[in-house]
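Protein chains in written order, with my numbering: chain A, 1190 to 1542; chain B, 1190 to 1542.
Honestly, the hints are just simulated from the structure, not real lab data.
Cβ atoms here follow ideal geometry from the backbone N, Cα and C, with glycine treated the same way.
Take the hints with a grain of salt, since some may be wrong.
Claimed, not checked - Derived pair list, reagent style BS3-like, types lysine-lysine, alpha-carbon separation capped at 25 Å:
#1 Lys1438/A to Lys1438/B
#2 Lys1302/A to Lys1193/A
#3 Lys1350/B to Lys1438/B
#4 Lys1350/A to Lys1302/B
#5 Lys1301/A to Lys1193/A
#6 Lys1286/B to Lys1301/B
#7 Lys1416/A to Lys1438/A
#8 Lys1416/B to Lys1350/A
#9 Lys1286/A to Lys1193/A
#10 Lys1438/A to Lys1416/B
#11 Lys1302/A to Lys1286/A
#12 Lys1438/B to Lys1350/A
#13 Lys1350/A to Lys1286/A
#14 Lys1416/B to Lys1438/B
#15 Lys1350/B to Lys1286/B
#16 Lys1350/B to Lys1286/A
#17 Lys1416/B to Lys1302/B
#18 Lys1286/B to Lys1302/B
Unchecked claim - Between beta-carbon pairs, the in silico distance windows are:
#19 Ser1349/A to Arg1254/B: 46 to 52 Å
#20 Arg1254/B to Ile1423/A: 53 to 59 Å
#21 Gln1519/B to Ser1542/A: 54 to 60 Å
Number of protein chains: 2
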Amino acid sequence: MSLKNDRFLRALLRQPVDRTPVWMMRQAGRYLPEYRETRAQAGDFMSLCRNSALACEVTLQPLRRYSLDAAILFSDILTIPDAMGLGLHFEPGVGPKFTHPVQDRAAIDTLKKPNMTSDLGYVTEAVSVIRRELNGTVPLIGFSGSPWTLATYMVEGGPSKDFRHIKAMMYSDPEALHALLSLLADSVTDYLNAQILSGAQAVQIFDTWGGVLTTPAYQAFSLAYMKRIVEGLIREHEGREVPVILFTKQGGQWLEAIADSGCSAVGVDWGIELSQARTRVGTQVAIQGNLDPNVLFGTPEVIRSEVARTLESYGHGEGHIFNLGHGISQFTAPESVNIMLDTLHDLSPRYHS
Amino acid sequence: MSLKNDRFLRALLRQPVDRTPVWMMRQAGRYLPEYRETRAQAGDFMSLCRNSALACEVTLQPLRRYSLDAAILFSDILTIPDAMGLGLHFEPGVGPKFTHPVQDRAAIDTLKKPNMTSDLGYVTEAVSVIRRELNGTVPLIGFSGSPWTLATYMVEGGPSKDFRHIKAMMYSDPEALHALLSLLADSVTDYLNAQILSGAQAVQIFDTWGGVLTTPAYQAFSLAYMKRIVEGLIREHEGREVPVILFTKQGGQWLEAIADSGCSAVGVDWGIELSQARTRVGTQVAIQGNLDPNVLFGTPEVIRSEVARTLESYGHGEGHIFNLGHGISQFTAPESVNIMLDTLHDLSPRYHS
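All chains should be modelled from the sequences, with the hints used to inform the complete structure.
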């Protein structure tokens, strides 16, 4: 079936578009009352992820409300470690926690790559259902956490401020960490390929915590494994190229290296100006970003001026996908998103003439 | 009285030294058993800060144990908002909290600049006592939080992950935030000058949270106020220049702008390579940093190689002050610090020949 709106995929491949495509990280989320209702029906968060009908429903909710150019699979970044048996659960006010963190080589050696059908079939099932329900309106993005980011949660046992357990492992038993990252890279490759084969038309790797590393450690412990995944991905499916987006939060200093990984696009947060990012990566990749989600707590005038500034910073021509620099806050007023999108759709065509 | 070891002050002014000077952020802290003992004597954390004899004792403890080139006043970064009556307290596992956060213009308009004698005299008293007890062995560093960083705690009411309250203010009532930052800049200027007049021989401004801003917001809401402070500081005292260090965590992308502020040195975290930092600031300022404190959880070999890498990255010549890129972790083994310092003192002279 042909895709009615392929702006997002075209922009990722640096092809001309009529206006700047847009989606929002965490666009299906708690800031939407309809999401909160469906979530309440499902019970806990992972039950929502595991129910393909409800996961599809929340994936589609933001598209009914807003003029967005892509849907993103509703799921969690920690499905792979969960499938490895670490006991994922969510502590209110804390976030994701693992009952069985992985803190030494012995624990790592017991881990196995999840089976994409028996362990993670609920994810590919959701991809298929969503893709069918989207009915060609906009493309569907699949995603995964990066090996480094998954490993941080697995080793720390949950969110961390200082990442001292995983860094202690990195600086005292790097081989153990490489064994873990290698297993995760293989798992993520299979996982994203399974999503692509089930209908995901682009994929994004979320490297939420790559930015806490030194430059050589980022190269060796995060980027190297993302690169290995990129090399192992199915890059053409259903007669179309499948673009890959790498998003390292606080990774602005490594843009050139990320762009060299073979990805199609680099996601950036608001810590870097798009003009500078574009100069640095040249025409090698597209750039996705980068409004600070907190701008959506601003006045309508500020939301408009910050959207305008973001567009102007990237400038004229192809290769920009508008997004936030991080997931939308659960406290955002849904109306603020309308102001952002109306401004974008009003102003962006002039950058593509 | 003459200073027996002025390596630190000389390096800050980019003068030649025999070896790379070193101190550690949070060097007087919980990783030291003798600190934990004194802290237990004092009761809570602020009682320790307010008792000049005990504050002096913990300031000197790391100097007894290690060959460091500077002492830093033992105090908290939130003494100014505490003196403004916000009700500072510490929640175990959470960190500093304010009973009365400041969330709108009306609350900001009630705030007054603290009196440096009646409200914050305990700090200058501690500076005098420490300076006397140091007896010219090494210089004493005074410090303050930056206006932006103090404001984040005052508006958020404590630590934050998303800084949504202060950013909501920034994007919806920037004049209110400017009023708060202006008051804080005046207060920090007076506070640091009082420390200098009491004996601090260098001062550091900790901009722990500047890195969460966009480039224009960093310039307008953080750097502009640090610049105003730098311009208002006493820069010569006791016949010596008083160097000023600006440390913005995750501020690597703004080094040139920070170096242009009039400061003597820029503190950097491990997110940027010192070689790159040095190229970018040229001979304008000294550079302080930047070992990841988590390296101290590594094997002796890794600690040695990372210290060697840090020295080699900065390279030959003047203007480097070795430090961690963030405060030392409370879980650090004190012996690991010896390995770091022994390596530094062994290797660094060759960079100054």
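Pairwise hint evaluation, Lys1350/A against Lys1416/B, where the allowed Cα distance is 25 Å at most: violated, 29 Å
Pairwise hint evaluation, Lys1193/A against Lys1301/A, where the allowed Cα distance is 25 Å at most: violated, 41 Å
Lys1286/B paired with Lys1301/B [C-alpha distance capped at 25 Å]: holds, 20 Å
Holds or violated: Lys1438/A to Lys1438/B, with C-alpha atoms at most 25 Å apart: holds, 15 Å
Pair hint outcome, Lys1350/B versus Lys1438/B [Cα-Cα no greater than 25 Å]: The hint holds at about 15 Å.
Distance restraint between Lys1302/A and Lys1193/A, which requires alpha-carbon spacing of 25 Å or less: Answer violated: Lys1302/A to Lys1193/A is near 37 Å, above 25 Å.
Agreement of Lys1438/B and Lys1350/A with the hint, judged by alpha carbon distance not exceeding 25 Å: holds, 14 Å
Agreement of Lys1350/B and Lys1286/A with the hint, judged by alpha carbon distance not exceeding 25 Å: holds, 17 Å
Restraint check for Lys1286/A with Lys1193/A, where alpha carbons must lie at most 25 Å apart: Cα-Cα ~40 Å, so violated.
25 Å Cα cutoff - pair Lys1416/B, Lys1302/B: Roughly 19 Å between the alpha carbons, so the hint for Lys1416/B and Lys1302/B holds.
Distance restraint evaluation - Gln1519/B, Ser1542/A, Cβ atoms, bounds 54 to 60 Å: Hint holds: Cβ distance 58 Å, inside 54 to 60 Å.
Satisfaction of hint between Lys1286/A and Lys1350/A, Cα-Cα up to 25 Å: holds, 14 Å
The earlier numbered hints that this structure contradicts are 2, 4, 5, 8, 9, 10 and 19.
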